[in-house]
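Given the coordinates of chain A, assemble chain F onto it according to the supplied hints.
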Amino acid sequence: MHLTMHKYPVQDIAWGQKTGYEQGTLTINKEELLQSLSEYEQRWGIKVTALELVKPGTSMRVINIFDVFAARARLGKGAVNYPGVLGPVSSVGTGTTAALEQFSVLAISVVPDRYNKLLDMSGFGSELTPYGEMHHLAFQAEPIDKNMKNNDYFSALKRMGLKIGTYLAQAASEAEPVQITEYTLDPRPADLPRAVYICMISSHQRSEVDEPILYGDDVQGLLPTILHPNEMLDGAVVAPYWNLGIDTYSFQNNPAVLDLYKRHGRDVDFAGVIAYVAHVTREKRARSTAVITNLVSNVLKADLAVVSKLGGGIPESDLLMIIESLEKQGVRTSGFIWSYMGDGTIYDSISANSEAADALASVGIYDDWLDLPPQTHVFGGTQVGPFTTDPNEKPVDAHQALKVCYRDICGAVSQLGASRLAMVEV
Amino acid sequence: MSETQPVRVVHYINQFFGGIGGEEQAGTPPHAKEGSVGPGRLLEMSSQGKIKVIGTVICGDNYFVENEGALDEVVKLIEQFKPEGVLAGPAFSAGRYGEASASVCKAVQERLNIPVITGLGPDSTALETYRRYIPIVRTGTSAVDMKNSMPVMGTILYKTIKGEALTEEEQEKLYKRGLKKNVIKEKNAAERAIEMLLAKYRGEPFQTEIPMVKRETVPPAPPVQSGPIRLALVTDGGLILKGNPEGMAGGRSKRYCRIEIKDWSKLSPDDVEVNHFGYDTRYVTEDPNRLVPLDAARHAEQEGKIILHPYIYSTAGVATAIEDAARIGKGIAQELLDAGVQAVILTST
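Those sequence lines, one after another, are chains A and F.
Residue 399 in this note's numbering sits at position 399 of the first sequence; the count goes up by one each step and never skips.
Residue 1178 in this note's numbering sits at position 178 of the second sequence; the count goes up by one each step and never skips.
It is worth saying that the hints were derived from the structure and are not from the lab.
Each hint should be verified, as a subset may be incorrect.
PhoX-like mimics (lysine-lysine), calculated; alpha carbons at most 25 Å apart, straight line [unchecked claim]:
1) K1052(F) x K1162(F)
2) K1181(F) x K7(A)
3) K1050(F) x K1181(F)
4) K262(A) x K1200(F)
5) K1200(F) x K1082(F)
6) K1185(F) x K55(A)
7) K1147(F) x K1185(F)
8) K30(A) x K55(A)
9) K262(A) x K1185(F)
10) K1181(F) x K1159(F)
11) K403(A) x K1181(F)
12) K1052(F) x K1033(F)
13) K1082(F) x K1052(F)
14) K1200(F) x K328(A)
15) K1159(F) x K1106(F)
16) K1185(F) x K1162(F)
17) K301(A) x K1200(F)
18) K328(A) x K1106(F)
19) K1214(F) x K403(A)
20) K55(A) x K1187(F)
21) K1242(F) x K1254(F)
22) K1050(F) x K262(A)
23) K1242(F) x K1214(F)
Pulled out of the complex, with its shape left as it was, chain A reads as follows:
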């Protein structure tokens, strides 16, 4: 596979007459954008009710964030964006794709959910997440039929976010790309250790039938499967609805894939990505571990594997089981994983224990608390919270200073390893 990425780094965004990219500024014609979406609003049953330009360093708080999308468009005749989700099923990862960089589309949900995230563009909260430094177009969309099922609404929100991204990237692609990056594993380097990335893409602790995750598939019964890294970068994977520190942007800009690509030919021979899910029955979990071990050590013949997970506790022990099993086969492993406060000590940080997992990077303590300063502007609603499970606590005005957990901040605790937040011992 050979993917050519035309990159358009966004340094400013503005409403204007013509949607397009010029000298670092993304200009958007709001009316045209809304008009282009109307066909899809009818098809998917939701209506875009508000749009907002979100800039770094401004006193702005975006709330009720459901997902974050990179703005990408596959170029050329017959190219399908997000096959299985926006178009017919085919594969991605080869061809030319236009990409708006340092920019995302934020989907705002009108369904209250404690897993929705918030994003401050100034103050301490903005320093904890890569999204604090980026430009965003945030959109809010509501069900046209008030009786729309949540799952249908969530699915429509995903599609709308991806659609807006393709619209903007398509418009930007009329300009000359600022940077062109080629993603290919060929020619294969000789004499370097073969490395794979083992990436959990869904946890069936909480998932829905018809959730579009892998080429639009809901991965309900998925056995571990091999992907070319380009497929992940080019839109094969959309984040599940259950947002425990994940988003679609971090699959499209997957930090493990990008780092292994950077090291390909220098430190490693990047042998591929294994997509797997967390199952909830003992037999299915054991089967996943066995298949992964076989794919990594016997099919891809890897020497090195880096492992990540989504979801909560079961996937933590899945990750450790995979590491144990691979180390037994002589595959050297590392992983990255979040942690909880527990009893406050370093040894009570995850729900499972394995001495084989001796190289884990931390993506942060998700349930530690922090204070956010007030913000002048709010988009995505008027009230937020409660952030605790205390039944007496009520939602509060979203402008005010807040006490939240790190996990409540969009992108701060990234189970896909995209943020620089980490737990340290003191």
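Quick look at chain F alone, frame taken from chain A:
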């Protein structure tokens, strides 16, 4: 005009540093002396007038670990001086002294709510248990390090009492407390994980960010196939000879005892009793065979199924440091192996 008043500190030390004597005086009960004693003088001198040792509390190492009330006695003696802070030890790598120094600091911090400090060597058995609760200065393993560690402990204690911030260098001299917080690193987590992976592959040093609990795993012994089996009885339920002639502790155990049973057909409250502060011992005191089943074992012996080892091994398994427990276990196991014992019934409480 301004004259800095020294901070008023109480120093806790053992019988050895208190100048009373060595191991033969380890049973010395807690007592207090006005002013500084032994290393306390070094503390005062090296502080250049910032620290005044108003009193010294001395307790024998054995007395402290073997008497349940010792800690309360020590804290009461300390409290009488109304100090602004307490310095214990340094105990370096000494086992009982380290346990005493650290637990005194923890109790003083909790009950008197004043700053405390102790000093322990990196292999001290008390370190893992106490570092999350109290500040502990990293010392050498023996008293040779006294002249280095005492001034550091003094400076840190003084600054803590005065509410002054520690320098980075001083922070480094304290053991990490095993607690945690969130920070922002230079690279993202995926990049750090891959960096670690390569270091591991290349045999270069790396440091995991999520440490795992390391426990010694002991594979079970294969079953004993043919009889009669040489069997021993072992317990961590605190079985002792009547009157506790060996001075066994009721918990925080540092050793085990051997009870000769060759002349007994069962355990009798006339011969044995139970000393264990971790459970309700009334029923097993009434009938010690329900703690260690000597009666049933003798029955099996009569049937020719077993040959009973002539000793019961016992300790009190509560609030015992893992390191001490492992040492006790290995000691018992070695004695049993040397005697050709093939199997053990270990009754735990």
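Provide an ascending list of the numbers of those earlier hints which the structure does not satisfy. 2, 3, 5, 7, 16, 18, 19, 22, 23
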